[in-house]
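Peer 1: Take 1 as the starting number for the sequence shown in the numbering used here and just add one per residue.
Worth flagging that the hints you see were computed from the coordinates, not collected in a lab.
Predicted model only: the values in this text are computed from it and were never measured.
Hints may be right or wrong, so weigh each one.
Calculated lysine to any residue pairs in the SDA-like style (CA-CA distance at most 25 Å, straight line) [what the hints assert, rightly or not]:
{"hint": "1", "residue 1": "K92", "residue 2": "G165"}
{"hint": "2", "residue 1": "K60", "residue 2": "Q132"}
{"hint": "3", "residue 1": "K104", "residue 2": "A163"}
{"hint": "4", "residue 1": "K148", "residue 2": "K18"}
{"hint": "5", "residue 1": "K134", "residue 2": "K18"}
{"hint": "6", "residue 1": "K145", "residue 2": "E160"}
{"hint": "7", "residue 1": "K18", "residue 2": "E160"}
{"hint": "8", "residue 1": "K148", "residue 2": "K7"}
{"hint": "9", "residue 1": "K164", "residue 2": "K134"}
{"hint": "10", "residue 1": "K145", "residue 2": "D162"}
{"hint": "11", "residue 1": "K104", "residue 2": "C46"}
{"hint": "12", "residue 1": "K104", "residue 2": "N36"}
{"hint": "13", "residue 1": "K7", "residue 2": "K134"}
{"hint": "14", "residue 1": "K115", "residue 2": "P50"}
{"hint": "15", "residue 1": "K18", "residue 2": "G57"}
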Amino acid sequence: MVTPNRKRAMEVIAVMDKALQAIIPNGVGVYDDAFNLNCVGDTFQCENVPTILFEAGHCKDDYGREVTRELIYTSYLASLDYIAKNDVTGDKYEAYFNIPENGKCFYDIIIRNVKAENASEEKSIDIGILYQEKLVDNRIEFSPKVDKIENLNNFYGHKEFDAKGLAVLDGGEGIDIQVGYENVS
């Protein structure tokens with residue numbers, strides 16, 4: 001059931017989406033609306049507070065999040081302008097349902113066409129790598145970590161490399177690269 005306060009939030013979210021579509025067409029998504037009382041936003045909703053949660057994604061080569069910050073700022077301006085100039089009743093919430101649901105389809109790096117061998121066959125697979133953010137000496141460092149080793153044809157990489165059927169080794173040492181492997185050197 002969509003409560004009146006949820007409809008008011010959805011109305012404002014649709015306005016923010018419209019503003020962002022002019023800058024990043026098809027670049028906005030929503031997360032599922034599953035309820036979880038342990039989540040801050042859902043707790044506010046239970047107290048009848050219209051709630052909009054911002055989940056900032058990632059733009060290509062924007063690991064410093066400068067572009068992302070600008071897009072969030074644009075969202076804030078669009079929402080505040082709309083709230084200041086309109087009576088937000090929740091009657092105009094339907095456009096919210098035109099925003100696609102967010103799916104995980106990106107990796108920071110994908111190494112494609114990697115030679116994989118086992119006892120019975122040799123085949124080509126892909127390696128999906130995500131950067132793990134770590135705070136080191138009060139600075140954020142990005143450490144690559146293998147997340148998936150399988151066919152990743154339905155995924156995209158912010159950076160992609162074609163191994164052209166070659167094996168991938170850690171510094172030529174022949175270390176077995178598997179899910180969870182993290183190169184910390």
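Peer 1: It remains to establish, for every hint, whether it holds in the given structure.
Peer 2: We went through each hint and held it up to the structure:
1. For a cut-off of 25 Å, the pair hint linking K92 to G165 is broken: about 53 Å separates their Cα positions.
2. For the given pair, K60 sits about 16 Å from Q132 by alpha-carbon distance, which is consistent with the 25 Å threshold.
3. Restraint check for K104 and A163: the C-alpha separation of about 23 Å stays at or below 25 Å, so the hint holds.
4. For the given pair, K148 sits about 34 Å from K18 by alpha-carbon distance, which is inconsistent with the 25 Å threshold.
5. With a CA separation close to 34 Å, the supplied pair K134 and K18 exceeds the 25 Å bound.
6. With a CA separation close to 15 Å, the supplied pair K145 and E160 stays within the 25 Å bound.
7. For the hint pairing K18 with E160, the CA-to-CA distance comes to about 31 Å; that exceeds 25 Å, so the pair is violated.
8. This hinted pair does not check out: K148 and K7 have alpha carbons roughly 38 Å apart, beyond 25 Å.
9. At most 25 Å may separate the alpha-carbon atoms for a hinted pair to count; K164 and K134 exceed this at roughly 32 Å.
10. For the given pair, K145 sits about 18 Å from D162 by alpha-carbon distance, which is consistent with the 25 Å threshold.
11. Note on K104 and C46: the hinted pairing is violated, with a Cα-Cα distance of about 28 Å set against a maximum of 25 Å.
12. A C-alpha spacing of about 20 Å is found between K104 and N36, which places the hinted pair at or below 25 Å, so the restraint holds.
13. A distance of roughly 38 Å separates the Cα atoms of K7 and K134; the hinted pair therefore is violated under the 25 Å criterion.
14. Among the hinted pairs, K115 with P50 is inconsistent with the structure: their alpha-carbon atoms are about 52 Å apart, more than 25 Å.
15. About 17 Å separates the Cα atoms of K18 and G57, which keeps this hinted pair within 25 Å; it holds.
Of the numbered hints stated above, those contradicted by the structure are hints 1, 4, 5, 7, 8, 9, 11, 13, 14, listed in ascending order.
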